[in-house]
Every structure is written in C-alpha cells, then in structure tokens.
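*Asks:* So the chains spell out like this:
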Amino acid sequence: MSKQNNYSDKEFLIDDVLRDYSNNSKDKDLLEQISILRHDKINEPVIYMGSGTCGLGAGAGDTLEAVKKYLDEKQVSAKIVETGCIGLCAVEPIMDIQLPDYNRISFQQVTADRVNDILDSIFQLEVPQADILGQFDTPEAKEWKGVKYLHEHSFFAPQKRIVLNNCGVVDPVDIREYIARGGYKSYIKTVNEHSPLEVCDVVEKSGLRGRGGGGFPAGRKWKFANSAKSDQKYLICNADEGDPGAFMDRAVIEGDPHKLIEGMAIGAYAIGATKAYVYIRAEYPLAIKRLEIAIEQAKDYGLIGKNIFETGVDFEIKIKKGAGAFVCGEETALIHSVEGKRGMPRPRPPFPPTRGLFDKPTVVNNVETFANVPAILQNGAEWFASTGTENSKGTKVFALSGKIALTGLIEIPMGTTIREIIFDIAGGILNNQKFKAVQIGGPSGGCLTEENLDIQIDYESLVNVGAMMGSGGLVVMDEHTCMVDVAKFFMGFIQRESCGKCIPCREGTKRLLEILESITSKPNASDPTETLDRFKGMMQVEKLSKVIQDTSLCGLGQTAPNPVLSTYKRFKNEYEAHLFDRYCPARVCQNLKVYKIDVDKCTGCTLCIKKCPVDAIIGTKKSPHFIVEDKCIGCGACYEACKFDAIEVV
Amino acid sequence: MSFLIKVNNKEIEARNGETILDAMERQGIQVPTLCHLKDMLPSGSCRMCVVENAKNNRLVTACSTPVEEGMEIQTHSSGVIESRKTIVELLLSNHPDDCLYCVRNKNCELQDLSEELQIRERRIKGVKNNIHLDRSGTSLVRDPDKCILCGRCVRVCEEVMGVACIDFINRGSQSIIGPPFDRTLNTSSCVNCGQCIMVCPTGALSEKSHFPELISMLNNPEKTVVVQYAPSISVSLAEEFNMPAGGDISSIMNAALRKIGFQYVFDTSFGADLTIMEEAAELVNRIENGDTLPMITSCCPGWVKFAEQFYPDMLPNLSSCKSPQQMMGAVIKSYWAEQLNKNPEDIYSVAIMPCTAKKFEAQREEMTSRGITDVDAVLTTRELGQLIRMYGIDINNISPEATDSPLGFRSSAGKIFGASGGVMEAAIRTAYNMITGEELLKFKVEELRGLDGCKEAQLKVDDLTINVAVVNGLANARKLLDKVNNGEKEYHFIEVMACPGGCINGGGQHIGAAEGAVEARMKALYDIDDKETVKTSHKNPEVIKLYKGFLGKPLEHTSHELLHTHYYKRDVIL
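One line per chain: the protein sequences are A and B, in this order.
Counting in this note's numbering, the first sequence runs from 2 upward without gaps.
Counting in this note's numbering, the second sequence runs from 8 upward without gaps.
Accuracy of the hints is not assured; some may be wrong.
Said to hold, decoys possible - Cβ-Cβ distance ranges computed for the label pairs, FRET-style:
1. A/T312 - B/E463: 34 to 40 Å
2. A/E340 - B/R577: 24 to 30 Å
3. B/I222 - A/T532: 29 to 35 Å
4. B/T191 - A/D114: 56 to 62 Å
5. A/E340 - B/I551: 56 to 62 Å
Claimed, not checked - Stretch by stretch, here's where chain B covers chain A in the computed footprint (C-beta under 8 Å, at least three residues):
6. 342 to 349
7. 496 to 505
8. 541 to 552
As the list claims (entries may be wrong) - Every beta carbon over 12 Å from chain A, so not counted as near; a handful from chain B, in silico:
9. L48
10. R54
11. R65
12. S71
13. N114
14. E220
15. R485
16. G494
Source of the hints: derived by calculation from the structure; they are not laboratory data.
All of these numbers come straight from a predicted model, not from anything done at the bench.
Positions of the beta carbon are idealized from the N, C-alpha and C atoms, including for glycine.
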C-alpha cells in the first residue's frame, strides 16, 4: 500500500472511527472501509502465517520463504501477514489462506515442503484433503464445502476469548487493523466519558482480579493508587513471565500488543499515572520487537504522548528489559529492577500503590490483567462479571504443556473444570497414556491428581486443594513421570532463582533440594552414614518446609516448598519407594536404574561395550557381557544400543 | 498518636507509624535480630525477629511490620522459637564450624544466637559453600564463607558511606556479597573505613592483622619499637575490657604498652598539634593568596581515598598536610631519632588507631620521608585489646605512666581530633592566632560539636567572615561536596571524617558498643579539653621547640618535605 493510502487510513481511523467512537451508524462507506482494514473484504489473496515464537520454532520461517518463492515463481500477487499464535502450538506452523470472497481457511503443520501442494490446490479452489484446521466465518464470504468451522473445533469451541480474540488472527503490528476491529475505542471513550475514579469503580465491579498469580482485585488496587497524593505516579506492566511452562504473556504481546497498550493506557488514566513501564524479559525478543513497533504506531496515532486527543491526558510508555529472573515477577523486586537495582524484594507494607517505583505510588499488574481492561470498559462491568464463578470473574488464559495431546494456549471461562481442559479441549494425554497429575500455577503451585480433576477452576478452589492459579501454567504428566523427579526439577528451579536475600528461602530451598537429591542418588554401600542421613533428611522435610513457608520474605519463598509438599502428600508411595527400596517406580531416576544383561539373549556383539561412556561393561566377543554395577551411571546407552533386547532395567 | 497493643498478653504503648520492634524496644522486650540496623529502613532479610500475630496466627517480622491498633503479638510462642531455631540451623548448615579459629570468637551474633536458642544438634546438613578468602586489601579481610548475607555491610557502605563498593552477587544459595564482578576488594572503590566490620554480625569482615611481624619486632633486640596512639584510643579502649564507655585511660595504656615491650610511647595528639600548625598556616595562606578554596582536611585516609576516586577534580582542595599519624611517624624517624641518636632504619614505628583505613594510609607510597616509611604497622583499638590480653596484662591492676619526651606533650586541641568537628575547632583556634596575633576569647565552637552528620559555623576573624563546615559519614560528604560544586554552598574550610561521629566511631573501634557509647567517648574528649590549660596547638611547648630546633616555620622546606604529601586520581571499579 502506498504512503498516501496509509495517511488516509490514519485520518479515517482517527477522525471517523476513534473520535466518533459512539457512532453506530450503518453508513455503507464507513463499514466498507472498515471491512477492508479488517481484511474481511480483500482484493487479492491474503496468506497468514502464524509467526509467534512457537510457530517460528516449528519452522514458520522456512514455510514463509517457501510461500514467497511459490508466489514469485507462479507470479501470483498475494498479501502476506505474519500473525501471532492462535493457541494451537502443537500443530504449528499454522498457515491460513484467504481468497477474495472466500472464507479464510486454516492449515496445520504446514512445513515448507507442503506449501506448494496446499497453495496449488487452494488457488484452484480445491480443498486439500490433509491437515485442515478449519475455516473462519468471514463475513459475506463463501464457505468451503466440507470444511469444519474453526469455532467448532474441539480445541476452540469451549473457549471464550476476550484476551486472545485477536491473537493469531490479526497482524499484530498493524494498528489499523486493531482499530478497525474496535481497538482503542474503549480508551478514547474512557478518557472522554469517565472520571479516573469511575474507571476504578467499573474495574472493581467487574470483579477482575490480578492474573499474575495473587488474584488481588485490580480495581481495588487501582483505587489505592488513585487516592494516593503524589506529583508523579507510575503504572507498571509485569511481563516478566518466569514460570517454566508459562507463555501466556509472550503470546499476548506477540499476537496483540495493542491490546496491552490500550489496557495500560486506561489503567494509567484510572490511577493518574502519566508514565508507564512494561517490564519484560530480554528472552522475549520477538515480543519486545512487536511491542516497540506497536508503541511507535500508537504514538504516531496520538494515542501515546501529551494531551491525547485533546483531553489533557498525558501517557508515556517505556519498555524495560529484565535479565530474566523469576523473582522479578514479585512486584517489589520488579520495582527495584526497574529502578536499576538488583531485583530483590523488600518487606511490604508499604505496598507499591502507596510507595512504589522511585518511592512514588505505583500499580503493578500482569499482561493478562491489562488485556482484559479494554473489553471491560467497552462492554461494562456486568458483561464481564456474567462470566465465571462467584468470586472469580471472566476468563483465564492457560498455557498447556507436558504430556498432553494438544499443547498450546487457551482462554476459558472461570469455572471450567480441569478435566474439561485436559480431556475435552486439549485432547487428553499424549499417545493415549494414563493421566497421572497436573502441575498448576508454576513451580510455586501444586500438583493435582485424578481426584481433583473435577474442581471448577477459580482462585479459591485451587488454593483449597493445595495449588494456586499462578499465572496460568498447566504442566500435564502421564504415568511415566516420576513425581519425586518432578519435585526435584521444580525445587532446583526455585533454588536457583531465589534472590538469596532472606535466609529461609536461600538456605532452605537448597537443603530441600539436597534432600530430594539424596533420595534419588545412586546407592552407595561404602558410605556408612549415607542411609542414616537420607532418612534424617526426609524426616526434616515437612518441618523445614513449614518454616520456609512461614518466614520467607516474599511469595517466592513462601510458596517454595509447594512442589515437594504437594507431591509428597499425593504420592507418598513414590517417595517411600525411592527412600526405602531405592527404586523409582516410573523408572525415571537415572541413579536408581539398574541395568542387567540377559546372558541368554546376549550374542556378545560388543556394541554395548563400545557405547558405554564409563567402561562399565566387560566381556569378550561372542560370549555374554556383564555390567559392573558400581561403575554403571545408568545412562541407558547400552539399552538403546542393544539389538537383541538383551539389556533389561530392573 | 499512640494506642495500645498487646505483647505477650501485656498491653504496651505503641505509636502510629512505628514498627513492632520500635514499640517493644522501648519497653525492653527483646527479640533477636541479625539484619536490623537502627535508624535505617528495614531490609527484612534475616527473618530472626519474627513474632506471631495472634489474630491470624501468622508470623510477621517485627522490624518491618507497622503497629496496628488492637494488635496482639506473641514474641516467644513455640512456633516462633521453632522458626528462629530453624533459621539459625539453616545458617549453621552453611557456615564453617571454626569458631575457635575465628576472629570474632566470643563476639559473634551468630554464635550468641546459636547459644540462646540452645542448638545442640546438627539437624540440618548439606553442602557448604566454599568460597576463597579475599586478603587482597591492605586493611580488610573478607571471608565470604562466614557471611550470612544479612546485608548490613551493603547498606552501611551505600547509605552511610556513599561508597557502595559491595553488593549481592549471584542468585539463590550461590549468593555472596562482594565487590563488582566478584573481583577482589583491592580493585574496588572500598575506602577501607571498616564501618562494614562494625556492623558485621560474624567474622566475614575483619581487619588485616599485623600481629606476627609486630611480635617478632618486639622481640628483636636490634630494633627500637616505638608506638603512638590516636587521640580517641584512650577514651575507647576501656570498652574492650568491659568497662563503661568514655573513661580516659591514657596513663594506664602507656604503662600497658611499655609492659608489652614498646620502648617509647607517644600520643598521636602531638602529631595532631603539628597538623594544626601546618594546616592552619596553609588555610591562612590560601585565604591570603586567593588559592583554591574551600580547603578540605586530609587527616582521614578513608576520605582521602574517597576523594581520589569520586572527586578527583577536587584534589587541589585537599590540604597537602599529612595526617597526624604520618606526621608523628615522620618526626619520630627524623627529629626524635636524631635527638636520641638512633638510626631511623632501626626504628619500628607502630600506630594504634581507631581506624582500618590507617593501615592503608601507612602503606601509601607517598607516606615515606627520605626513603623511610613513616609508620611500619598499624593496629586497631580492637587489636590493642587483643595484644593486652595476649600479654596477660591486667589493666585494672597497673600503675599509670606518662608518655615519652620529647614529643610527649600535647595540647587538648590535638586531643579533640578524635571527635567530628575537633580538627576544625583546633584549626580555628590556631588560625585565629596566626591571622590576628591574638587568642580567641572563647575556644568552644558549639555549632561544630555533636553527632550531626553535617554542621556549619560562621566565624569572625577581624573583618573577615570565615565559613566552615564539618561533615562526617561519607554519604554526607558527598551531599555537601555536590552542593559546593554546584555553587549552592560556599566555604573556606571543610572538615571531612569518613566515619559517623569521627574517629571515636571509627572502623577499628570496639565491636558491639553499648548504646550511647559514641556520645560518651565524645564527651570524654571534650571534658579533657575543658579541664586542661593548654588548649591550642601553637601553645604546645614541645611543638614550639620542634619548630625552633628542627622544622623552622610551618610550610617551610623541612616541614614541606616531612609533613606534606600529594594525591592522585585513582582508577578503581566504581
């Protein structure tokens, strides 16, 4: 599109759409122009490439190159749009094609080698048989016969997408499309029609609670800051998503950065902040890049800057890159980090809304919290509150990972059961294995088992069963998972990520980890105190955990023992097997695996001798080999190598 | 506004805005602390002061939780004791078990807590960090293995001293406190003030000891071992022997030092008198000739290094005078050696200082005269205490003795050097005389006394108004110098002491001083000033004799060679 066109789009969007935000007229020209900007009405084919981090990781870059090459060779004129992630990370790369007058149609697992076939048939208006994800319901467009609608897909059907509605659908770095789809209207309406306190009221009434884990009512937090008197206030968006298995914030920013900016702009107005920061980890380069572009676009449209739309409101937004520390998700540590100091929490009170960044009143909210705000202000508190449970309103985004058929990102109404998520939406356990547990709420959360699958997800119900909402990571485990190993993994993570400030967290998590390491360590008969120390250590676990929970300075420490406590509570038998029998029931703990060679099956081919990294296998050619147990490190290289199934794990 | 809260089922008064700890301290209710520092914002890192809030049975830290009306607190419930005990056990599980070899044996807060909480079993075991000792500095030794990361040193270094040469490094159990990039202390901006040692609860920070060399020198018949002690030593040494703060025991100290084997004993206050003669002359000179002003004192080696690092542009403002310690040392190895017919190279000159930075100063290359080091070894007040105990001297049962002469007489102006404002006051007395030829009617300058961080005075000398300022605590110096630099303030003369309150609160003083000890030491110095008749340096008969027979006049050739020095910009990691 030419610059001239861009300019007129901008004028149109600012004057006819944003300034005239309450205009619901059915003016044909207006609607026509909007539908063009929305990509509902197109003149040439549009190819959408899912280019979030997940898509690119799965090969979207190569696919895109193949598409360009195809278009070049066949001299086909088409527009290419790189979108964020639609949520089905498991089947990336996802490519959508929209032909003029036809519904947009989506394909899964489109690797570079499959591009030609798909494009060939689509351009001939034939639907390729394999790997169709579904078709969109594009207004005034023709349906593809025999193709299911995307919103009927079992992954999408139970979802309610408020935060993610644009993700994977729109061009994230095209402000025109965002505005054409109703974006920034909510902001302009808010600053024109509501007082800051009214905004706080609406958000409080909506029941929106912090999506970063704590679940504190957002409106109430905003009110504290609103009522604080200060010459300067700050708003901070916490995008320091640090839980293993969590990628909600990344996907929102990569897929729809303008929604975050709009939510923050409304939040800043509500508390009287003119300066805002997005604290985001440097490991999210794509999200940072897209957010930077989006901020520049918003500035260009006068949505960020001084005297926004002549309302007298100033709003400035800066990106602050963090070095990737889990503890910087804690708000006081985050604030220190933004100030340029080492990210370490400080005691609260004073709480940030009273004294925060540079000692000024500050509100810190999570990406998802802000992303909910435009819709709340647009549709009203009641609309938002109509979804969810009594005390947890709206929807929640979850990142599904682990041994699950469809890993990805979903947004479901509060009150959905975990069973629905795992089995209905995500298609159950990978390879039809048996479900064992699900870790919810990241390392600080807890693991839930079969008996908890029917609880309705909300803040309180999760806490009641010893887990927590956290930021929304859901790691699913099947029967081949060792729960002691899981606890050890999370404990190791927490131990490394502790800031080191307070004693119980710094020293205590290290000791808890060491206890877990001791029960999964290789039995050592030559050390006479080893067994006693192992038993003594295990006996300390619960007491030590309680002190760490009770006395740690911040949330990281207070929840640090959860991975051990919740697995210990629910899988005591597994702990006992490790401790007493020195046996890992799931056969995961390498140190507890004993490999033996079946002399009847062994042909004496010496392959295993060659593969063994520690020379633990002895034997001569053509006679059965033997594994020296003391030397064996349990790596399993021999097991993998043996062609005669002669090696067994006992 | 005040209200009542219940602590251990007893009502006590609490004031709005204060913490639980503040309220309890006023009532004498004690809870253990490790990271707490009076008059500083709570850090909440050690969690030792947890108390139980009866309303919700939750543990809160007394140091950081504000009091609320109707609050009910239990300070020693079983849950609280168990938690505190576990925290100490966790620390011990990662602490070297070498109390018997530790510099802080019997004066260690961790040891005390372990004893108070009756820890008698190694319940929690694990791998201990094993981090190398940092002996790179000239004054301080850092032993990260003994560090419990309470962070007191970090806060003092940053907030009180304005230096910030150490901070937390790494994460989790690998966290340590150290200089930038985990380099050694000698490459950092550490000014060697030793205030970190004063707040360290364990033996993680200590002064570098010169004991072995000193003891071998004391036993070397070819060496003449002489000792000088700083003005503030005599009013603070008593605390090393559990005596109340502020007693002046100079004559007992003289006797003890001779018993140990020091052949000649001097009071550095004589050197201070000499400093005043030179410094006052320099000030008068600068004012009369319109040279660089304000002139800033240079007796404090912590401050000098600070200026060399952070304010290199202001080095011309620093007085070129050596410190009293170095002047004394220079005069001992020249004038005094000549008088007693001794070879300066056979003299081993020891200084006892309330300061760790003095160890650094004595080793500066500029601190030599005619190729011979002015001072050979520096001991802190603490080390003197250790030495006296090592030699089995009962200071309660010893006959007082006087210092040696020549160089044995001091004015009380030299003595008050030990308190912040003392140098300024002493300099004013002599400068007044140098300008007017007369004596001040009133020697006391009340505005410059006391423990305030920044003090100012205006003085009329004939028709000249002299503006002076006194700062202590380098963070305060930073604030003042920035004001001077941006033209907000104008002075003729500024006294800077690195440590809060001056040398009486130096980094070499007694660790674990009682509350009010610093005030008591200060009072003791000013009491001496009140009592004595020779209150000005220029009236010190031995100073007069020294100038007449050896130095000539202040700032003249011999003085310049022996008693003055220069400074240079330092490259350190800032």
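*Asks:* So which of those numbered hints doesn't the model satisfy?
*Replies:* Hints 1, 3, 9, 10, 11, 12 not satisfied by this model.
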